[in-house]
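Number of protein chains: 2
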Amino acid sequence: MSFAGEASSDVPTLPGTHSGIPAYLLEKARNAKGDVFDGRTKPIKDRQRLPVVPQGIERDDFLAALAELKVQIGNENVEINDKPLKDGWYMEHPNTHDMMTILDEEELVASAVVYPSSTEEVQDIVKWANKHRVPIFPISMGRNLGYGGAAPRVRGSVTVDLGKRMNKILDINPEDYTCLVEPGVSFYALYDAIQEKGYHHLWIDTPDLGGGSVIGNTVDRGVGYTPYGDHWACHSGLEVVLPTGEVIRTGMGALPGNNTWQSFPYGFGPYSDGIFSQSNYGIVTKMGMTLMPNPGGYESFMYTFPNEEDLAPLMEIIRPLRISMILENVAQLRHVTQSVAARGLPRSQFYSGTGPIPPDVIHAAAASAPVGDHTWAYYGMAYGPAHIRAHKLALVDAEFRKIAGARKVDPATLPADEYYFSRDRVAAGVPDIHELRWVNWAPNGAHIAFSPVSPIRGTDATRLFALGKRLHDAYGIDFFPAFCVGLREMHLIVEIVFDRDDAERKQAALDCLRDMIDEAAAMGYGEYRTHLVLMDQVAATYSWNDNALMKFNEKLKDALDPNGILAPGRCGIWPKRYRGRGWEMTRESGAASEGDGVGPAPEAKCDQGEFSGASHPYP
Amino acid sequence: MSFAGEASSDVPTLPGTHSGIPAYLLEKARNAKGDVFDGRTKPIKDRQRLPVVPQGIERDDFLAALAELKVQIGNENVEINDKPLKDGWYMEHPNTHDMMTILDEEELVASAVVYPSSTEEVQDIVKWANKHRVPIFPISMGRNLGYGGAAPRVRGSVTVDLGKRMNKILDINPEDYTCLVEPGVSFYALYDAIQEKGYHHLWIDTPDLGGGSVIGNTVDRGVGYTPYGDHWACHSGLEVVLPTGEVIRTGMGALPGNNTWQSFPYGFGPYSDGIFSQSNYGIVTKMGMTLMPNPGGYESFMYTFPNEEDLAPLMEIIRPLRISMILENVAQLRHVTQSVAARGLPRSQFYSGTGPIPPDVIHAAAASAPVGDHTWAYYGMAYGPAHIRAHKLALVDAEFRKIAGARKVDPATLPADEYYFSRDRVAAGVPDIHELRWVNWAPNGAHIAFSPVSPIRGTDATRLFALGKRLHDAYGIDFFPAFCVGLREMHLIVEIVFDRDDAERKQAALDCLRDMIDEAAAMGYGEYRTHLVLMDQVAATYSWNDNALMKFNEKLKDALDPNGILAPGRCGIWPKRYRGRGWEMTRESGAASEGDGVGPAPEAKCDQGEFSGASHPYP
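Heads up: the sequence lines are chains A and B, in that order.
Be aware that the first sequence starts at 1, since it is given in our numbering, and climbs by one per residue.
Be aware that the second sequence starts at 1, since it is given in our numbering, and climbs by one per residue.
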């Protein structure tokens, strides 16, 4: 049923082109299962310890416990992480670590990976972990690129890879515009299933990269680029395995025989879903998600603005337009440096010097791109039938042209492979991975994100831009700022691209990030999400009233996970047995794992899994 | 700043007229402070026990504890509830009980009321309650009409009346479209403050009755009738006093010096706000709320449909229109019986028989109302500039006219006092209380609500309608169904109007409600909210997996409120010291208070505050 009075899509969606993306990342992004080694033939050296046994457990006891688990869930579903470590990069078991590690490769690795096939097997694993006091770290698909990937926070944890076998779309309801998915369902898979069923009245919302898990992205409170961009706000109903092994269903899911689990999120009594996002209080095994009605037409638009100084007045223009939903999706303003990088070419093609790439070089490189000699590129989309879009686009045009020199880009002038069309696809709910191209900026490229939240104001944008620029310059890092306006707030997303094989540049990236986090917090700006290794630091910035919120979080953790087995340290929340030096301790990354007697339960022996610690001191 | 290209309101809002509403309810609805006895001069009899001392505490100890509290927060801010009980109705202390009690008047009464002036004083009160093991029951303004009013769940609790002194609007931010309020701020007060500041670009969203607390309604997950109708989804940031006395700020509020507490709800780490809604885990002392941008025009519309059987096809029409936001606010379909009652006249004016009022009498009574000889009335509003509204209204018109005999009502034909204009005000975010008129249907009229959630489907609507009708008929109660379509779900709201002075009719209303809850649950429909005395029953319907969700709720309760002092029994959650007979016990209302040895802590003596229990057996 359509109320739009015209075709469901009147702007053609171009097929995705992936020519600029390294094969290993392409596979990683697209494919829920086996990721393929990229073919490079660097020498293989032995891993120093095989496997990395979790702290506090004897090696033999750990292996015996794994054997016990194999009996429960099948020999082939318990894999010890004892494969040789390829020098500089290891791809055979990407669910054991962070593909884009900012630390030494030996740091955040799993001891083993287990593959449950059902909620019941997840319960079995959780009970097993409690019995043996083994830290476990659940991942949906491990695609949390830039925020830690598949790596566990505590070295030697057993990774619970939910997505490999629990990857079913359990329901797509074309009348209620909802679906119910398991952790292994990617945005690509959900999109494809809807297309296969011919449900053209249903749209999904996808983040920049479509290869990740719908559940994983949502519980990390990720966002996308249609009007349904706030994934957390769009979910309805969770099934959660608690850290002690019980399973609950939230909202209407708790009512036997209900037919509203995916239609009404709240149910009766405390609305507990939120404490299972960005936390370590439970393992989400099913999630309901609402689907957007096809808006009856859509139309991308792009404007560019000449000067860095246009940022402040632009934000003042964007704020009321966005809050009023005249700008209907996340308002994105990207800097020319990132626009150049998004073409997928290495920096070395433009510049051979060290230090940040000079502005004149960037502008020369951008000459053939739509942003051209300008500094800022705005990507947006209008939704609805043509005359409804025209109303909104006219308001936007009148406002944007208040910036002297503003230019509207004509898509007809752009090549099919241009980044603009990737934004067009994503804003229309079509999964894509073009965004990854900018990791090619560095050899062996990887990235890590700084993402502070601020009001949508010129003054805040200017202050954050200046902060990031100054610290990037100080550390000799190219600055890729993109301002993303959610609704009443914006996230400045700064992606630092680095060479995974260059320890010095990795350290510079990490130091730069740590400085940005602290300086931003001092100005009142906090991260909405962060990388595993920065979680303690970021959590510590939310310190109002003598860290009252963290004390509350720890109280919940102790009540729900008395043995402290579930994802210790995730989002800065450490179970009791890992604490012990008070608040200050947990602010330091690796707090529970530094081999100095902190953390392990009294009876524990930490002779194997200790954190090497050297590569990420804080501050 | 306006993007609408036309006046901010192009349909005049008529001033509220309140001629049909009893003075006592008018005062109650409008005024945060002293409510006035309605002037009736029935004989006063002595209350049987003065005061009702909380279970488990000796009278002298309790009075000594109150004296201690008076020293802390001021003599005049601690009131013992020892006033004489007026026969049949008592109005001098409406914050001590449910104005619309469905039980015997002696049941759900407070022992005392305390009036904190600040978050710090709320902390003092909570610490005092822990010291003396006194159950406390926080209210914002106590206007939870139909769901328990100001009454505590446990007889003899000390009511913490937050709203009397904590009634400040702490911020209205005209750039971010947000505000920050204390518990005593009503929808009227917030609306008035915005008008006084001349912020015509800011709208509030108001529920049917505008006299209640913004915080109180939101934490009970109430709804309103603009596109911002889901109040819980529209809040941003809480300040909460925990049951052990600590105070936290959620979301960005935990970051010192932030300027985004009201702009970005989530912050970093677990999003804990939800567990403070419909619960007894904390006392909300401040809340941020987002404000809707003036849509640049609005236009009410009303359709009527002839037959009861039109319900099913109408729901099929409404569902996709609502999910697509062509119907932009809560879609409301009201039965003719309620339309007649909304005129504020007593049933006795139309019918003197007992049992449900016959359909022909109702239709005769409706002849002069817009619904006339029809059965269903739809009230809606379109938002935006005229040409945008016209697009949506045309789609709605084409769809609604698929129902044979559908009639669009011309507002120009209606008198200014017609209910239509109340719906018009509410849907434009203008607080109103016309809705209360239908309590006049019964002498000494009061009401209590049945509000199950279902999908938006003809089959579900028909089943729920038939269930309600059959049980109302069986108990001789007039049936007032209204279907309210949130977005992907609908609530059937059935208000039972009863005579507070007629014990037999109160019992019939309660029995009817209990039967409806159980039968609806057996069909898979659960309540989204319920009256205090029905909370155990409703909570018990959310029983999936051996009551796993309630066990989880109890685990949180025990962790956060180890002494069990905060609102014991609210939403069916009993603290440990009130439990003791397992799950089945808590399903029976008054579980902890029946004087049979259940509930009080081992050292407690329950010689005074026991529940009389007689008037609300379950089942």
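Among the clues, some could well be false.
As the list claims (entries may be wrong) - Once the Cα atoms are required to be at most 25 Å apart in a straight line, the calculated DSS-like pairs of lysine-lysine come out as:
id: 1; chain 1: B; residue 1: K131; chain 2: A; residue 2: K555
id: 2; chain 1: A; residue 1: K576; chain 2: B; residue 2: K168
id: 3; chain 1: B; residue 1: K551; chain 2: A; residue 2: K131
id: 4; chain 1: A; residue 1: K555; chain 2: B; residue 2: K127
Source of the hints: derived by calculation from the structure; they are not laboratory data.
A quick look at each hint next to the structure:
no., hint, in the structure
1, B:K131 - A:K555, "holds, 20 Å"
2, A:K576 - B:K168, "violated, 40 Å"
3, B:K551 - A:K131, "holds, 21 Å"
4, A:K555 - B:K127, "holds, 18 Å"
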